[in-house]
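Could you build all of it, start to finish, from the sequences and the hints given here?
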Amino acid sequence: MEPKQFLDSIYLGDRGCKCVLIEGYIERLIMVVDLISRILSESGEWDFYQDENIADGRIVFSRVKSVEFSPPGFIPNGFIDDIEVEGSELGPDGKPLYLFVASISGTRNASTVTTAGNTTERAEVILRIKAGGVHLEDPRFPGKEIRD
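For the sequence shown, counting from 1, position 3 maps to 3 in our numbering; every step adds exactly one.
In short, the hints are calculated from the structure, not lab data.
Some hints here could point you the wrong way.
In silico SDA-like cross-links for lysine to any residue, where the CA-CA straight-line distance does not exceed 25 Å [what the hints assert, rightly or not]:
| # | residue 1 | residue 2 |
| --- | --- | --- |
| 1 | K144 | S43 |
| 2 | K95 | G133 |
| 3 | K144 | G24 |
The following block contains the structure:
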């Protein structure tokens with residue numbers, strides 16, 4: 001399944017990003033999500049289908065060539081607004097590379113301290129990932145890649 005079609009089959013509407021793990025040595029980025037649901041209806045709507053839910057599911061980007069967080073300093077730790085494929089190109093090895101763009105709510109502690117303590121700033125964090133592919137992993141079945 002092509003990455004755009006695959007991402008369209010994942011429901012993340014009110015789901016939170018728990019962790020972003022970059023495994024540079026093996027060119028992987030893992031986004032841990034509190035709950036991942038699948039969209040299998042012909043209409044493309046979620047329809048509250050829950051039979052294949054993955055608690056603490058992983059969205060895994062493979063063959064990662066670059067990662068960018070914007071704005072800098074914010075940690076993606078809130079709701080996932082969207083993950084899209086914004087473009088593709090052929091890599092030096094002749095295999096496709098895709099530009100994945102994720103929008104996630106994030107926070108950072110402000111450098112100023114008030115009488116109430118540290119203040120927390122909130123922002124939309126844009127995560128740009130240039131990678132060769134994407135799949136899901138269920139922590140109950142380590143190493144099994146879900147690609148359809």
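Hints and how they fare:
Distance restraint check for K144 and S43: the Cα-Cα separation of roughly 28 Å exceeds the 25 Å cut-off, and the hinted pair is therefore not satisfied. A hinted pair counts as satisfied when its Cα atoms are at most 25 Å apart, and K95 with G133 qualifies at roughly 10 Å. Taken as a hint, the K144 and G24 pair is honoured in the structure, with Cα atoms around 20 Å apart against an allowance of 25 Å.
Checked against the numbered hints given earlier, the structure breaks only hint 1 and satisfies all the rest.
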